[in-house]
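Asker: In order, the protein sequence lines correspond to chains F and C.
Going by the working numbering, the letters in the first sequence line up with residues 1 to 405, in that order.
Going by the working numbering, the letters in the second sequence line up with residues 406 to 671, in that order.
No lab work stands behind these hints: they were computed from the structure.
Certain hints may be false.
What the hints assert, rightly or not - Computed far set for chain F versus chain C, every beta-carbon distance over 12 Å:
hint, residue
1, Asp27
2, Arg56
3, Trp93
4, Gly148
5, Ala256
6, Gly285
7, His319
8, Arg322
9, Glu352
10, Pro367
Unchecked claim - Cβ pair distances, simulated, as ranges:
hint, chain 1, residue 1, chain 2, residue 2, range
11, F, Pro367, C, Pro448, 54 to 60 Å
12, F, Arg33, C, Ile608, 40 to 46 Å
13, C, Pro453, F, Gly63, 52 to 58 Å
14, F, Leu120, C, Trp480, 24 to 30 Å
15, C, Gln507, F, Arg95, 21 to 27 Å
16, F, Glu130, C, Arg622, 42 to 48 Å
17, F, Glu368, C, Pro571, 34 to 40 Å
18, F, Arg243, C, Ala438, 43 to 49 Å
19, F, Arg95, C, Pro453, 49 to 55 Å
20, C, Gly615, F, Arg71, 32 to 38 Å
21, F, Arg33, C, Gly584, 47 to 53 Å
22, C, His449, F, Gln219, 31 to 37 Å
Stated by the list, open to error - Residues of chain C clear of chain F, computed beta-carbon distances all greater than 12 Å:
hint, residue
23, Asp487
24, Gln536
25, Pro551
26, Pro571
27, Gly584
28, Asp587
29, Asp627
30, Ala632
31, Glu640
Since this is a predicted model, take the numbers as computed values, not measurements.
Note that CB positions come from ideal geometry on N, CA and C, so glycine has one too.
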Amino acid sequence: MNPGNAVWITGVGTATPLGHTYAAFADHLLAGRSGIERVQGFDVSEHPCQIAGQLREVPCPCGTDPVEFSRLHRLEQLMRWCCTAALRDAGWWERRSEVRIGMVLGIGAEWLEFWEADALAGGRRVYQPERDCESMIARTCRALDLSGPAVSVSAACASGNVALSQARHWLQLGWVDVCLAGACDMAVTPMALAGFGNLRALSRRNDEPQAASRPFDRQRDGFVMGDGGAVFVLEPAGLARRRSAHVYAEVAGYGARSDAFNMVIPSPNPEPALAAVREALRDAGCNPEDVDYVNAHATSTPVGDIAEARVLTAVFGSHVHRVPVSSTKSMTGHLLTAAAAVEALACLTAMERGALPPTINLHEPDPECNLCHVANEAQPANVRVAVSNSFGFGGSNTCLVLKAV
Amino acid sequence: MKPCNDQSLAHSCVVSCEVAADAVVRAGPETLAELRRHPGPAPHMSPPASLLKHADEQTVAGLCAVYQAIVRAGWQGACFRDWGVVAAPRFLGRPAMVAALQRFAAEGAWGVSPHLIPHRSLHSVSGTISQALQIHGPNFGVGGGPGGPLEGLLAATALLIGKQLPGVWMVLTCLSPEGPPDEAGQMPSGSQAIGMALALTPIPSPQERGDKGDRQRLHIVDGIPDAAMLARIEEEMGLATLRRSVGKVRRFGEASLIDVFAERAS
Numbered sequence: 001m002n003p004g005n006a007v008w009i010t011g012v013g014t015a016t017p018l019g020h021t022y023a024a025f026a027d028h029l030l031a032g033r034s035g036i037e038r039v040q041g042f043d044v045s046e047h048p049c050q051i052a053g054q055l056r057e058v059p060c061p062c063g064t065d066p067v068e069f070s071r072l073h074r075l076e077q078l079m080r081w082c083c084t085a086a087l088r089d090a091g092w093w094e095r096r097s098e099v100r101i102g103m104v105l106g107i108g109a110e111w112l113e114f115w116e117a118d119a120l121a122g123g124r125r126v127y128q129p130e131r132d133c134e135s136m137i138a139r140t141c142r143a144l145d146l147s148g149p150a151v152s153v154s155a156a157c158a159s160g161n162v163a164l165s166q167a168r169h170w171l172q173l174g175w176v177d178v179c180l181a182g183a184c185d186m187a188v189t190p191m192a193l194a195g196f197g198n199l200r201a202l203s204r205r206n207d208e209p210q211a212a213s214r215p216f217d218r219q220r221d222g223f224v225m226g227d228g229g230a231v232f233v234l235e236p237a238g239l240a241r242r243r244s245a246h247v248y249a250e251v252a253g254y255g256a257r258s259d260a261f262n263m264v265i266p267s268p269n270p271e272p273a274l275a276a277v278r279e280a281l282r283d284a285g286c287n288p289e290d291v292d293y294v295n296a297h298a299t300s301t302p303v304g305d306i307a308e309a310r311v312l313t314a315v316f317g318s319h320v321h322r323v324p325v326s327s328t329k330s331m332t333g334h335l336l337t338a339a340a341a342v343e344a345l346a347c348l349t350a351m352e353r354g355a356l357p358p359t360i361n362l363h364e365p366d367p368e369c370n371l372c373h374v375a376n377e378a379q380p381a382n383v384r385v386a387v388s389n390s391f392g393f394g395g396s397n398t399c400l401v402l403k404a405v
Numbered sequence: 406m407k408p409c410n411d412q413s414l415a416h417s418c419v420v421s422c423e424v425a426a427d428a429v430v431r432a433g434p435e436t437l438a439e440l441r442r443h444p445g446p447a448p449h450m451s452p453p454a455s456l457l458k459h460a461d462e463q464t465v466a467g468l469c470a471v472y473q474a475i476v477r478a479g480w481q482g483a484c485f486r487d488w489g490v491v492a493a494p495r496f497l498g499r500p501a502m503v504a505a506l507q508r509f510a511a512e513g514a515w516g517v518s519p520h521l522i523p524h525r526s527l528h529s530v531s532g533t534i535s536q537a538l539q540i541h542g543p544n545f546g547v548g549g550g551p552g553g554p555l556e557g558l559l560a561a562t563a564l565l566i567g568k569q570l571p572g573v574w575m576v577l578t579c580l581s582p583e584g585p586p587d588e589a590g591q592m593p594s595g596s597q598a599i600g601m602a603l604a605l606t607p608i609p610s611p612q613e614r615g616d617k618g619d620r621q622r623l624h625i626v627d628g629i630p631d632a633a634m635l636a637r638i639e640e641e642m643g644l645a646t647l648r649r650s651v652g653k654v655r656r657f658g659e660a661s662l663i664d665v666f667a668e669r670a671s
């Protein structure tokens with residue numbers, strides 16, 4: 001990697017079940033609080049899983065007409081909130097007309113979520129293709145008055161990592177001066193909760209919502225869905241330096257490989273995921289022993305957590321018992337398309353606050369997940385290099401390496 | 406990473422790649438049923454029967470287009486293990502969603518098929534193609550709406566150049582015309598599923614090219630795909646307003662991307 005091509009994160013915007021600001025998110029994450037509750041907003045009495053991490057209300061960004069904002073689909077509200085907050089945080093909001101700002105967001109099922117919300121409210125938009133003339137990302141780009149290209153991407157739960165990687169490429173290719181990148185999802189809907197529930201992927205620990213998401217624990221029984229998103233401002237290191245921007249981290253490395261095995265079930269062959277992690281470390285110019293923290297994909301499913309533990313053991317070798325690992329899905333739930341972006345934010349939290357977020361509900365570690373767990377309580381640490389794994393439906397295995405600057 | 410610099414566009418950032426193979430498949434409901442069982446034109450191009458059982462119509466058309474492109478290029482037996490797959494479906498799953506909404510209304514939560522999300526999300530087309538061709542490089546979906554083809558070309562080119570892959574299958578799919586599904590959730594009457602596959606590869610050096618002739622190229626100028634490719638996509642996929650609608654979205658006023666490209670190139 002040519003140091004002249006380095007890409008830095010200079011702004012963040014977020015809303016998750018743990019808070020609507022980065023500060024609130026970081027506080028709750030390090031306090032080990034769960035954002036999981038019984039689902040509100042629709043009847044779940046017939047659903048196999050009745051719990052989730054929900055965003056009840058998305059705040060209206062300052063300067064936006066609240067009436068107009070209230071008419072938007074919740075996913076679009078979330079995109080606007082996160083993008084606006086990130087640009088303000090980076091100091092680009094007032095100067096956004098001076099540069100070409102692009103946008104790459106992980107958005108996994110925009111139209112399905114939109115048609116469902118409309119139909120459940122009595123609409124018939126799914127029957128009216130002539131009215132579907134603009135995507136949410138295009139509208140968001142226009143509403144925020146951004147002049148660069150905008151793309152929505154999806155690799156299921158790995159989408160946020162794909163978005164960050166694409167944005168990094170765009171900046172390195174010179175297509176944009178600055179790029180928003182991240183992912184948003186509002187997947188806790190009646191049909192999605194039912195669909196994942198019927199897939200038998202979700203926890204049925206309905207009576208103990210805050211104990212339901214328990215990655216790496218022997219008693220885990222599936223994941224818990226969550227709403228939320230995180231968007232970052234990325235820019236070339238040179239530009240950030242010239243304007244003395246606050247820098248969160250460098251997007252230093254990325255790896256991606258596909259299982260080519262099954263649309264839903266992770267491959268029993270760890271090789272593709274292993275190759276993705278190794279590729280990311282190589283891209284970042286890091287050795288496994290350089291890594292200070294791993295934010296695991298670990299969703300709290302019986303099969304997936306073991307598969308990832310095997311991958312980490314293979315990557316880190318004897319060092320695996322010294323590299324702290326946690327899964328913040330234990331607190332946020334699994335934010336699906338937005339998971340990787342929010343977990344990148346958890347890595348920034350570890351770097352900025354000098355503390356490792358824990359895996360809560362980890363009281364009886366699965367012996368097949370024999371890792372250096374950050375169990376139940378945050379731990380102080382100096383994190384210079386953080387790795388975030390994200391794997392998804394469709395067989396996508398991705399790994400992101402963030403470095404402190 | 407070294408963008409390919411075209412001297413005629415010295416003031417713009419130009420990235421170029423080659424379209425090494427391509428094909429378009431158009432299929433109505435009856436043809437799709439057959440393609441779902443036998444998507445490949447050659448006997449060895451037969452993924453497991455279960456792969457496409459629950460797949461969307463657009464996924465079937467997209468995979469068939471890739472198989473057709475392989476045959477047209479004489480690449481049967483070639484290995485695509487390290488390639489990437491980028492698929493840009495357009496309004497994927499609309500007919501299936503009609504059926505799902507009706508079943509949900511009638512049966513409640515237990516009536517929602519567990520196949521709905523895995524096979525009708527933005528990444529479903531790329532994931533299925535990756536599995537069918539045993540491609541272990543990156544795969545992801547792009548776009549999903551009106552500007553999907555343009556978004557797909559940007560993302561696929563950035564992936565190809567940025568990750569230095571041997572190639573990327575760029576797959577565009579849609580239903581055309583995009584009419585309303587019937588109440589049973591079937592494809593609109595008279596509509597076809599269209600799949601267009603482009604094999605994007607780095608531009609070879611003259612030595613690598615040997616006696617092979619020039620192939621079509623895709624240029625991205627400052628993040629805007631060239632007009633010739635967009636025009637071809639419009640024509641092949643029946644998307645008459647792609648350039649104009651995308652031009653509006655990108656804040657180029659009423660100008661089409663042809664105008665924008667010409668302006669930047671001048």
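Asker: Confirm or reject each hint.
Answerer: Hint-by-hint comparison with the structure:
no.	hint	result
1	Asp27	holds, 33 Å
2	Arg56	holds, 21 Å
3	Trp93	holds, 17 Å
4	Gly148	violated, 6 Å
5	Ala256	violated, 4 Å
6	Gly285	holds, 15 Å
7	His319	holds, 26 Å
8	Arg322	holds, 30 Å
9	Glu352	holds, 28 Å
10	Pro367	holds, 30 Å
11	F:Pro367 with C:Pro448: 54 to 60 Å	violated, 47 Å
12	F:Arg33 with C:Ile608: 40 to 46 Å	violated, 53 Å
13	C:Pro453 with F:Gly63: 52 to 58 Å	holds, 53 Å
14	F:Leu120 with C:Trp480: 24 to 30 Å	violated, 46 Å
15	C:Gln507 with F:Arg95: 21 to 27 Å	violated, 50 Å
16	F:Glu130 with C:Arg622: 42 to 48 Å	violated, 35 Å
17	F:Glu368 with C:Pro571: 34 to 40 Å	holds, 36 Å
18	F:Arg243 with C:Ala438: 43 to 49 Å	violated, 59 Å
19	F:Arg95 with C:Pro453: 49 to 55 Å	holds, 54 Å
20	C:Gly615 with F:Arg71: 32 to 38 Å	violated, 59 Å
21	F:Arg33 with C:Gly584: 47 to 53 Å	holds, 49 Å
22	C:His449 with F:Gln219: 31 to 37 Å	violated, 47 Å
23	Asp487	violated, 9 Å
24	Gln536	violated, 5 Å
25	Pro551	violated, 6 Å
26	Pro571	holds, 14 Å
27	Gly584	violated, 7 Å
28	Asp587	violated, 9 Å
29	Asp627	violated, 6 Å
30	Ala632	holds, 15 Å
31	Glu640	holds, 20 Å
Going through the hint list in order, the structure does not satisfy hints 4, 5, 11, 12, 14, 15, 16, 18, 20, 22, 23, 24, 25, 27, 28, 29.
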